[in-house]
Amino acid sequence: MKHRNLRIETPHSAPRRGFLRTAGAAAALAAPALYGTSALAQQKQYPKLGNYPDGVSGDTVTAGLTLDLTGPYSAEGNGQKRGFELAAEMINKGDPRVRKISPLTKEGILGKKLVLVVGDAETRPNSAVQAATRFIRQDKVMMVAGSVSSSVAIALQNTCDRAKTLYFPIISGSSDTTGKDCRRYGFRLCHHAYTASKAIAPVLAQAYGKNMKAIHLVPDYNYGHSIHEFMKKFTEEQGWTTIDTPQIHPLGATDYSAYMLNIANSGADILINHDYGADAVNSAKQAFQFGVLKNMKMCVPYMPAYMLEEVGPEIMEGVYGTMVFWHAYSEQNEIARDFVEAYEAKYGAKPRDPEHNAYMTTLLWADAIERAGTFHPAEVVKALEDSINHKRPYTMGGEAYFRAEDHDGAANFTIVRGKKPSEIKDKDDLVDIVAVADGVATLPPVGYAGCQMTDYT
Amino acid sequence: MPGIGLFMSQVFNGLALGILLSLIAAGLTIIYGTLGVINFAHGALFVVGAYAGFSTYMASGSFVLSIAAGAVAAMVVGLALERGLIRRFYARPVEDQILVTFGISIVLVEIIRGIYGGIGQRVPVPSWGEGVVDMGFVTYPLYRIEILAIATAALGLCWLVLYRTRLGLIVRSGIEDALMVRLLGIDIQRAFLVVFGVGAAAAGFAGMIYAPIVSIVPDMGFRVLIQSFVVVVLGGVGSFPGAILGGLVAGQILSLTSLFNPVYSDVMLFAAMALILIVRPQGLLGVEGRA
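For the record, the sequence lines run as chains A and B.
At the far end of the first sequence sits residue 457, using my numbering, and the numbering has no gaps.
At the far end of the second sequence sits residue 291, using my numbering, and the numbering has no gaps.
Quick caveat, the hints were computed from the structure, so don't treat them as lab data.
Hints are not guaranteed to be accurate.
Some residues of chain B that are not near chain A, with every Cβ distance over 10 Å (derived) [what the hints assert, rightly or not]: (1) 36; (2) 59; (3) 61; (4) 79; (5) 83; (6) 85; (7) 87; (8) 180; (9) 182; (10) 183; (11) 217; (12) 278; (13) 279; (14) 287.
Which bits of chain A does chain B cover? Going by a derived footprint, with three or more residues having C-beta under 8 Å, they are [what the hints assert, rightly or not]: (15) 68-74; (16) 262-268; (17) 281-293; (18) 299-310.
Below 20 Å or equal to it, Euclidean Cα-Cα: the simulated DMTMM-like pairs (lysine to aspartate or glutamate) are [claimed, not checked]: (19) A/425 x A/438; (20) A/294 x B/134; (21) A/346 x A/95; (22) A/425 x A/331; (23) A/294 x B/130; (24) A/100 x A/309.
In this text, a Cβ means the ideal position worked out from N, Cα and C, and glycines have one as well.
Take the sequences, apply the hints, and build the full model.
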């Protein structure tokens with residue numbers, strides 16, 4: 001049941017939340033004169049495409065954020081908002097830390113102040129598409145970003161591709177986003193079902209041995225089926241067997257008792273929990289309450305950012321998962337340190353995956369525009385596709401770029417394990433980093449997931 | 001076919017879920033029966049109860065105190081809403097009542113989101129509810145069995161008030177014929193205010209006892225609200241026993257359908273509601289013409 005259908009809110013009709021027009025606080029204080037016109041004068045002229053040149057005819061450039069501010073992924077959506085706001089503030093201020101990733105950035109992007117407009121995607125493709133359409137038509141945005149659900153990401157990617165407007169999913173676990181549903185104007189930085197499964201399966205086999213029987217708990221939508229398929233494949237390659245009754249449930253379920261009883265009676269050694277957001281929290285809690293975790297290990301291959309504190313360490317102890325980013329890595333990585341320090345200074349907390357992905361994506365987008373020397377969408381796409389020749393230092397070590405063939409992000413990510421309650425020092429000390437997965441080595445072979453790229457114009 | 005153990009455990013699940021729905025729907029149906037208001041803010045009061053209980057738990061560590069706090073907070077908010085806003089809509093068309101209560105629910109949920117954020121909050125299962133019970137044919141979480149007992153006791157209390165006290169007599173008479181009760185010189189408004197408070201408290205109480213099973217999030221009330229409306233329709237609008245029976249039936253429909261295909265559990269619930277509306281529009285225990 002889609003209880004959210006009851007809401008009298010559509011992004012189309014001036015929602016109660018409204019849009020939040022935000023720009024970085026420092027940028028708001030800065031005089032418009034700071035954003036010189038010299039960069040403009042240097043730009044070549046390109047033919048009209050998408051919102052170019054109308055969207056950049058003034059002193060500002062606008063990015064439209066389709067965020068899940070309500071719905072089962074609202075925590076992640078709000079986290080993304082903070083990441084975008086931090087990045088916009090740093091870009092507009094000309095923070096020197098930005099130049100480590102986007103060396104040509106001075107203040108703003110090509111001298112224009114970055115302005116953010118925000119709409120609530122409600123974790124529903126229809127709402128997200130309405131918000132994006134409004135951003136493209138009314139706000140003349142040059143970029144749309146934001147997603148937690150892959151169904152939302154894929155719908156937005158289609159919409160933006162048709163409008164020749166860049167789109168960046170921020171969290172999208174389905175491999176289809178850069179596979180069979182890839183689009184010329186969509187770029188995904190985060191890891192996904194294939195890469196996460198390929199990275200974690202050997203770690204699980206090393207931890208638990210080769211003779212494990214696994215049962216899968218699968219949310220019934222694009223991402224769930226995608227990661228189920230790949231975890232099955234990669235764990236079976238490690239010698240594991242799969243119990244052939246995956247527990248498939250609707251997205252947003254609150255009662256997992258039937259699934260837990262089936263899992264408890266399945267004879268499995270490990271529960272592979274593919275849920276995300278509130279679903280992951282509810283299913284993990286109920287797995288514990290039904291005694292499933294007494295006799296069975298649990299693994300959350302695509303671990304939601306806030307699951308650890310929402311579920312609690314007594315349940316998450318020893319649970320393996322992958323995450324894009326874990327803040328403790330800032331102790332050994334300069335780019336991560338820059339990000340964590342800037343985030344803590346602004347928000348007084350440690351950032352997680354949603355904040356991180358939004359921040360890094362915005363910086364890499366700005367870098368591509370600066371390299372292209374124009375906001376012309378096709379030129380920015382080409383600059384992003386050329387990022388293999390302009391790899392940028394990354395928070396989880398190594399360098400990041402987008403693969404030209406399918407726009408899949410080649411960026412390291414982390415494999416973590418929940419800490420014992422007795423070892424936890426503070427509220428942000430929740431996991432051990434078990435390994436850092438190689439962002440390039442874990443990518444699927446080009447063409448593996450059936451990407452057929454669309455045209456530039 | 002599922003084994004007897006699995007079947008029985010789903011029957012238990014259905015009971016636990018059903019009794020919880022009964023508790024929430026009882027508040028909803030009494031408020032509708034007496035005041036004629038379809039209270040769309042009832043789900044938000046459920047959320048208020050859960051969050052108030054969560055805050056109390058964080059401050060005190062006492063689960064029992066948290067349940068009381070959840071009920072009291074929802075009651076206070078409910079009464080403030082009734083006095084401040086909803087009573088002005090008693091004489092207004094039903095569409096206005098729906099809009100105002102729906103609006104209230106949005107405001108309440110967003111206030112909660114503003115205070116606590118979108119991240120799910122955690123209330124652990126109380127120490128006296130930890131572990132599982134091996135009943136021979138099924139192993140079942142102790143806390144869910146306790147929910148069954150707690151919610152049954154709460155419903156029993158409501159029944160005592162409604163059927164064994166003077167206040168209850170006034171309320172039940174008011175459901176049947178409010179004008180006649182007024183003509184007898186009884187201050188029915190005060191009784192109705194108490195009814196609203198008790199209905200809200202039941203929702204808040206249910207919110208807190210449900211909290212350890214799920215993650216507490218601002219949107220948790222919407223699904224519960226819709227299921228409770230179905231329960232009210234199944235049992236009969238304005239009927240307290242109907243809310244209990246409707247809750248139990250709904251719980252079993254949701255849970256036994258899950259046994260075969262969980263995706264269809266909500267569909268079956270609505271199908272049952274449609275069937276009832278066709279063959280017995282007044283609901284299982286409802287009185288014709290009351291709604």
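Hint by hint, here is what the structure shows:
no.	hint	result
1	36	holds, 21 Å
2	59	holds, 17 Å
3	61	holds, 15 Å
4	79	holds, 25 Å
5	83	holds, 24 Å
6	85	holds, 17 Å
7	87	holds, 23 Å
8	180	holds, 36 Å
9	182	holds, 35 Å
10	183	holds, 39 Å
11	217	violated, 6 Å
12	278	holds, 21 Å
13	279	holds, 23 Å
14	287	holds, 28 Å
15	68-74	holds (count 5)
16	262-268	holds (count 3)
17	281-293	holds (count 7)
18	299-310	holds (count 3)
19	A/425 x A/438	violated, 29 Å
20	A/294 x B/134	holds, 14 Å
21	A/346 x A/95	holds, 14 Å
22	A/425 x A/331	holds, 16 Å
23	A/294 x B/130	holds, 13 Å
24	A/100 x A/309	violated, 32 Å
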